[in-house]
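*Asks:* Chains A and B supply the protein sequences, listed in that same order.
If you read the first sequence in this note's numbering, its first letter stands for residue 1, the second for the next number, and so on.
If you read the second sequence in this note's numbering, its first letter stands for residue 1001, the second for the next number, and so on.
It should be emphasised that the hints constitute simulated quantities derived from the structure, not laboratory data.
These figures come from a predicted structure and were not determined experimentally.
Just so it is clear, CB atoms sit at the ideal spot from N, CA and C, and this is done for glycine as well.
A portion of the hints provided could be inaccurate.
[Stated by the list, open to error] Reference listing, derived: stretches of chain A covered by chain B, where coverage requires no fewer than 3 residues with Cβ under 8 Å from a Cβ of chain B: (1) 12–26; (2) 62–73.
[Said to hold, decoys possible] Pairs of lysine-lysine residues, derived as DSS-like cross-links and limited to a Cα-Cα distance of at most 27 Å, are as follows: (3) B/Lys1233 / A/Lys152; (4) B/Lys1233 / A/Lys42; (5) A/Lys152 / B/Lys1285; (6) A/Lys72 / A/Lys52; (7) A/Lys157 / B/Lys1224.
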Amino acid sequence: MQSSTKRMGIMTDVHRRFLQLLMTHGVLEEWDMKRLQRHCYKVHDRHATVDKLEDFINNINSVLESLYIEIKRGVTEDDGRPIYALVNLATTSVSKMATDFAENELDLFRKALELIIDSETGFASSTNILNLVDQLKGKKMRKKEAEQVLQKFVQNKWLIEKEGEFTLHGRAILEMEQYIRETYPDAVKICNICHSLLIQGQSCETCGIRMHLPCVAKYFQSNAEPRCPHCNDYWPHEIPEVFDPEKERESGISKSNKKSLRSRQH
Amino acid sequence: MSEQSKDLSDPNFAAEAPSSEVHSSPGVPEGVPPSETLAEPQSPPLGPTAAPQAAQPPQVPSDEGDPKALQQAAEEGRAHQAPSAAQPGPAPPAPAQLVQKAHELMWYVLVKDQKKMIIWFPDMVKDVIGSYKKWCRSILRRTSLILARVFGLHLRLTSLHTMEFALVKALEPEELDRVALSNRMPMTGLLLMILSLIYVKGRGARESAVWNVLRILGLRPWKKHSTFGDVRKLITEEFVQQNYLKYQRVPYVEPPEYEFFWGSRASREITKLQIMEFLARVFKKDPQAWPSRYREALEEARALREANPTAHCPRSSVSED
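Produce the complete structure using the sequences and hints provided.
*Replies:* Put into structure tokens, the structure is as follows:
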């Protein structure tokens, strides 16, 4: 609130209901955000024009600012879908998880997180994670138990599982990026285009710079001869499609069936 | 943290009343900042939690639930913990720190509620408030104010006896049926199916009957589901733990059989009318197709409206027993 011209936003019941619902869902995709927004207007302010989502969110964020929380926007790493979550800026750790996981479960997550960050592909195999159960803090955990805890993380949208391997869910990246960058400053990978944390992506085989798949898609869009932005060498990987929400709705592909564009491209 | 400058604006923020129905109910508990939990190995909270509480809590008018009794109860609870080194009479903290605590508490309460966990006063003290226990009432008051103004939620003491709090929505819960029917919140849909089955039957629903219904959705007790996981565990353990369902053995029946009832939380959060609307949509019938149930639902709706003529929340404040 340094600038004198910056006015604090006004909270109405539309915004309050929206915040409640966002909090209930944890993380939402852009389409759901718009649907929810329309619903909140319908309930409380039928005749008002619905704000553009970006303005709506900025308005709410200006009120949340003094509370050190914000509605943060991110993009899924595998297929570029915009996602949103209510994030606590004040704490620099996994505070949201801390309330319902036991000490040894949190430590398991930390171990998985480290393996994911250190890996080349952004994925850690189930086997490698489970081999670390003996090193966990707190109560002793058996491998069978650890498997179930990993599933709990998947259900709560902290991890994604693909073919027996685990990576971070978009939500985890959204909420924990700051914490991860501060805790593992040497191991983290950064995208050459957007300069955010990178877990999954493509890398140049010559100079080693990395880019998110959606960043690759946007950067090389309609470019017949994609070249590395850093060393100008020919970019050897398949260029994914830019995420188009309209196209997706029309084709009626449900989210759960949609195959991600992820392939090992390192 | 550069929150100091923001705190000065905070009283203004709290004073800014953008819209009408904001009731501030002072919440109470305190807790340790959750940031402690993962960032460092489980280290003890900021201040010794067992600091002897010689001084009185700050003189503020107490509203709900007699916070003094709560504090005494909490102190008794804490007397059993191994006391760490006692602080010499704690100095009053800067307003900025109290505000920060209030923000931490707000987040803590929101997350607990999101995960459908119990908000327990001693936990709040242990996890967030810690050494600021003396000022827990003012911290709580500020937290409640923020929750009401920004989120439209009331932090209510639901049971003085068990020292439990709940976040009650101050706004009409219209979203429930809509959200349940889209697959954005599949758990709610599943839960509503079971609750409506119980409701329509008018008594407990045997586990076999519930599985007959769930079979329609393609759910089987032995099959893992892509969204729900272990469905049986979900409905017999998790929903029960969250007080949405009760799962009890049917008396005098051999071999043992179990039945489901509405849990206390379901009774609190879900109205009969919502169930009727849910049924109507799922079966594409008019709610009047279940005439006696519909009558009951209307009765309940009327009773709730009469109990709360001005408040927007159809669920009146929960009894403090």
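*Asks:* It remains to establish, for every hint, whether it holds in the given structure.
*Replies:* Verification of the hints:
Figure legend: the stretch 12–26 of chain A, annotated as covered by chain B; annotation consistent (11 residues with Cβ-Cβ distances under 8 Å, at least 3 required). Evaluation of the coverage hint for the stretch 62–73 of chain A: fulfilled, as 7 residues show C-beta separations to chain B shorter than 8 Å, against a requirement of three. About 13 Å separates the Cα atoms of B/Lys1233 and A/Lys152, which keeps this hinted pair within 27 Å; it holds. Using a Cα cut-off of 27 Å, the hinted pair B/Lys1233 and A/Lys42 is violated, with the two alpha carbons roughly 37 Å apart.
With a C-alpha separation of about 37 Å, the suggested pair A/Lys152 and B/Lys1285 falls outside the 27 Å cut-off, and the hint is violated. Using a Cα cut-off of 27 Å, the hinted pair A/Lys72 and A/Lys52 holds, with the two alpha carbons roughly 16 Å apart. A threshold of 27 Å between alpha carbons decides the hint, and for A/Lys157 with B/Lys1224 the separation of about 18 Å falls inside it, so the pair holds.
Of the numbered hints listed earlier, those contradicted by the structure are 4, 5.
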